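Q: Sequence:
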Amino acid sequence: MLFGEKAAAALEAERKAEEEEWQREMDTLFQRKKGRPLDKLREPRRLIIRRVAARGVKGARYCEALDAAGLSTPVSWQQNEGCLKTYPQAYWHQDPVERAKWRQRIANEKSKMTH
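The numbers in numbering that gives the first Met the number 0 rise by one with no breaks, and the one at position 54 of the sequence shown is 53.
Careful, some of the hints might be misleading.
[Claimed, not checked] Below, in silico cross-link-like pairs of lysine to any residue (SDA-like), each with a Cα-Cα straight-line distance of 20 angstroms or less:
| hint | residue 1 | residue 2 |
| --- | --- | --- |
| 1 | 109 | 52 |
| 2 | 84 | 47 |
| 3 | 111 | 35 |
| 4 | 15 | 35 |
| 5 | 100 | 60 |
| 6 | 109 | 77 |
| 7 | 109 | 83 |
| 8 | 109 | 59 |
| 9 | 111 | 64 |
| 10 | 84 | 74 |
| 11 | 111 | 90 |
| 12 | 57 | 103 |
No lab work stands behind these hints, which were simulated from the structure alone.
Bear in mind that the values here come from a model prediction, so they are computed numbers and not experimental data.
With the sequences and hints as input, model every part of the structure.
A: Structure (structure tokens):
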């Protein structure tokens with residue numbers, strides 16, 4: 000087996016392990032017995048945000064990681080307040096006042112989802 004094939008096989012095995020771990024987390028998440036039932040639409044989003052935040056990325060890199068994970072800004076932000084669709088676009092908004100607003104919103108969302 001060539002080096003490139005070994006690296007590709009290792010990456011594929013790592014991806015598969017992450018996918019299996021994700022599925023286990025999702026399965027256990029929705030089998031909770033106590034407390035308020037989890038919202039099946041919001042919980043996957045919360046889990047993705049927690050995983051990205053756990054990597055320790057901050058600021059623009061955090062927004063890029065959320066975008067790479069397939070998350071867009073919350074629909075309520077887009078519909079009610081005219082937020083741009085992707086996290087990096089919102090983070091780097093052209094208007095300085097809007098930019099500060101969306102950066103604060105993103106930070107607040109991250110804080111709420113991780114505590």
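Q: State for each hint whether it applies.
A: Hint by hint, here is what the structure shows:
For the hint linking residue 109 to residue 52, the alpha-carbon distance of about 7 angstroms falls within 20 angstroms, and the restraint holds. At most 20 angstroms may separate the alpha-carbon atoms for a hinted pair to count; residue 84 and residue 47 meet this at roughly 17 angstroms. Of the pairs offered as hints, the one joining residue 111 and residue 35 holds, with about 17 angstroms between alpha carbons and a cut-off of 20 angstroms not exceeded. The straight-line distance between the Cα atoms of residue 15 and residue 35 is roughly 32 angstroms, outside the 20 angstroms bound, and the hint therefore fails.
At roughly 18 angstroms between alpha-carbon atoms, residue 100 and residue 60 fall within 20 angstroms of each other, so this suggested pair holds. Between the alpha carbons of residue 109 and residue 77 the distance comes to roughly 17 angstroms, so the proposed pair stays at or under 20 angstroms and holds. About 18 angstroms separates the Cα atoms of residue 109 and residue 83, which keeps this hinted pair within 20 angstroms; it holds. As the CA atoms of residue 109 and residue 59 are separated by approximately 13 angstroms, the hinted pair is consistent with the 20 angstroms bound.
At roughly 18 angstroms between alpha-carbon atoms, residue 111 and residue 64 fall within 20 angstroms of each other, so this suggested pair holds. Annotation: proposed proximity of residue 84 to residue 74 holds, straight-line Cα distance about 8 angstroms (limit 20 angstroms). Annotation: proposed proximity of residue 111 to residue 90 holds, straight-line Cα distance about 18 angstroms (limit 20 angstroms). Only pairs whose Cα atoms come within 20 angstroms are accepted, and residue 57 paired with residue 103 is accepted, the gap being roughly 13 angstroms.
This entry does not satisfy hint 4, going by the numbered hints stated previously; all others are met.
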